[in-house]
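Got chain C sorted already, so can you dock chain F onto it with the hints?
Each chain, written out:
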Amino acid sequence: AQSVTQLDSHVSVSEGTPVLLRCNYSSSYSPSLFWYVQHPNKGLQLLLKYTSAATLVKGINGFEAEFKKSETSFHLTKPSAHMSDAAEYFCVVTRGGGSYIPTFGRGTSLIVHP
Amino acid sequence: DTGVSQDPRHKITKRGQNVTFRCDPISEHNRLYWYRQTLGQGPEFLTYFQNEAQLEKSRLLSDRFSAERPKGSFSTLEIQRTEQGDSAMYLCASSLDGLHNSPLHFGNGTRLTVT
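Those sequence lines, one after another, are chains C and F. Numbering follows my numbering, in which position 19 of the first sequence is assigned residue number 393; successive positions increment by one, without gaps. Numbering follows my numbering, in which position 74 of the second sequence is assigned residue number 325; successive positions increment by one, without gaps.
Misleading hints may appear alongside valid ones.
As the list claims (entries may be wrong) - In silico DSBU-like links for lysine-lysine, alpha-carbon gap of 30 Å or less:
| id | chain 1 | residue 1 | chain 2 | residue 2 |
| --- | --- | --- | --- | --- |
| 1 | C | Lys432 | C | Lys443 |
| 2 | C | Lys442 | C | Lys423 |
| 3 | F | Lys308 | F | Lys265 |
| 4 | F | Lys265 | C | Lys416 |
| 5 | F | Lys322 | F | Lys262 |
| 6 | C | Lys432 | C | Lys416 |
| 7 | F | Lys322 | F | Lys308 |
| 8 | F | Lys308 | C | Lys423 |
| 9 | F | Lys262 | F | Lys308 |
| 10 | C | Lys423 | C | Lys443 |
| 11 | C | Lys416 | F | Lys308 |
| 12 | C | Lys432 | C | Lys442 |
| 13 | F | Lys262 | C | Lys416 |
| 14 | C | Lys416 | F | Lys322 |
As the list claims (entries may be wrong) - Reference excerpt, derived from the structure (chain F facing chain C, CB under 8 Å, subset only):
| id | residue |
| --- | --- |
| 15 | Gly293 |
| 16 | Tyr299 |
| 17 | Ala304 |
| 18 | Gly323 |
| 19 | Phe325 |
| 20 | Glu329 |
| 21 | Gln331 |
| 22 | Phe357 |
| 23 | Gly358 |
| 24 | Asn359 |
What the hints assert, rightly or not - Far from chain F, by Cβ distances over 12 Å, these chain C residues were calculated:
| id | residue |
| --- | --- |
| 25 | Leu418 |
| 26 | Glu440 |
| 27 | Thr451 |
| 28 | Pro453 |
| 29 | Ile485 |
What the hints contain is simulated information worked out from the structure, not anything from laboratory work. Where a beta carbon is used, it is the ideal one built from N, C-alpha and C, also for glycine.
This is chain F alone, in the form it adopts within the complex:
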């Protein structure tokens, strides 16, 4: 079990630029989640995948955000035309299956700063 890994750890970008983050889940995990966390708040759900299928997206996820999990393994989250309000920690988590009692395993996150 190598854990969930996220890349990069930090990203600083200028407003209007596009950014892409990568998440590698635990290899046998079917579910993959993206969350966003701002200072003083709990993680907020963005989207999740069951294998390669994106099953649900939050209303927080504007049209500028897109996520993929092309082969049911790693996932990418892209933000187009970044805004200062996008500055946050982006967390990826995976779980073994879709059972409601399966705990999430988190990566260390990607901290995005939009200047």
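So here's chain C without its partners, still in its complex pose:
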């Protein structure tokens, strides 16, 4: 079985300050991990993915995430928040080996203050 826990339902930051969105996963196999973003009234968009290559993954719009197996974490970071980053962010885990189903976390709402 696999699961993902997003530790914060809401994160509030000021524009220009760092962003940290936390994600912990559980998987019986070597996982693939993804972060998706959902802006209001828009479809889900892939930010980045980890697939057992480099543990530090760079994505779009200046976001990056680090896979830490010992901590079973895949936290999303950005050095400096922009107003346009305000959105819902979802951490997703899949596993290797045959049939799989991408499993979503419940999401973290990022609020950016001017």
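Same frame as chain C, but now just chain F:
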């Protein structure tokens, strides 16, 4: 790449009526997924297809729900005898293949309101 398209964008129906949603995936994608998303929650898996074969269904998918992908291209999701609890955003996604590292490409969803 024209993306994943879903139709309709919004559907309002009365309790007890049947509704059908359509999803057109990216043309070369073999896998097609249906998810449901309610307010404040992440998308929940409903079912998926590998080409025209429906390979897995969630326990969330009651007997009132049925999905098809007749020619391995577009897919339909039908809900019979709708209930107020069916009100949600229904999301369709496709991926190139069955590899666990293939990302999902989502449509904009169909928002269902059951009155």
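Now the hints, each set against the structure:
| no. | hint | result |
| --- | --- | --- |
| 1 | Lys432/C x Lys443/C | holds, 18 Å |
| 2 | Lys442/C x Lys423/C | holds, 14 Å |
| 3 | Lys308/F x Lys265/F | holds, 26 Å |
| 4 | Lys265/F x Lys416/C | holds, 26 Å |
| 5 | Lys322/F x Lys262/F | holds, 25 Å |
| 6 | Lys432/C x Lys416/C | holds, 22 Å |
| 7 | Lys322/F x Lys308/F | holds, 19 Å |
| 8 | Lys308/F x Lys423/C | holds, 25 Å |
| 9 | Lys262/F x Lys308/F | holds, 23 Å |
| 10 | Lys423/C x Lys443/C | holds, 15 Å |
| 11 | Lys416/C x Lys308/F | holds, 26 Å |
| 12 | Lys432/C x Lys442/C | holds, 15 Å |
| 13 | Lys262/F x Lys416/C | holds, 17 Å |
| 14 | Lys416/C x Lys322/F | holds, 28 Å |
| 15 | Gly293 | holds, 4 Å |
| 16 | Tyr299 | holds, 7 Å |
| 17 | Ala304 | violated, 11 Å |
| 18 | Gly323 | violated, 17 Å |
| 19 | Phe325 | violated, 17 Å |
| 20 | Glu329 | violated, 21 Å |
| 21 | Gln331 | violated, 24 Å |
| 22 | Phe357 | holds, 4 Å |
| 23 | Gly358 | holds, 6 Å |
| 24 | Asn359 | holds, 4 Å |
| 25 | Leu418 | violated, 4 Å |
| 26 | Glu440 | holds, 17 Å |
| 27 | Thr451 | holds, 20 Å |
| 28 | Pro453 | holds, 24 Å |
| 29 | Ile485 | holds, 14 Å |
Going through the hint list in order, the structure does not satisfy hints 17, 18, 19, 20, 21, 25.
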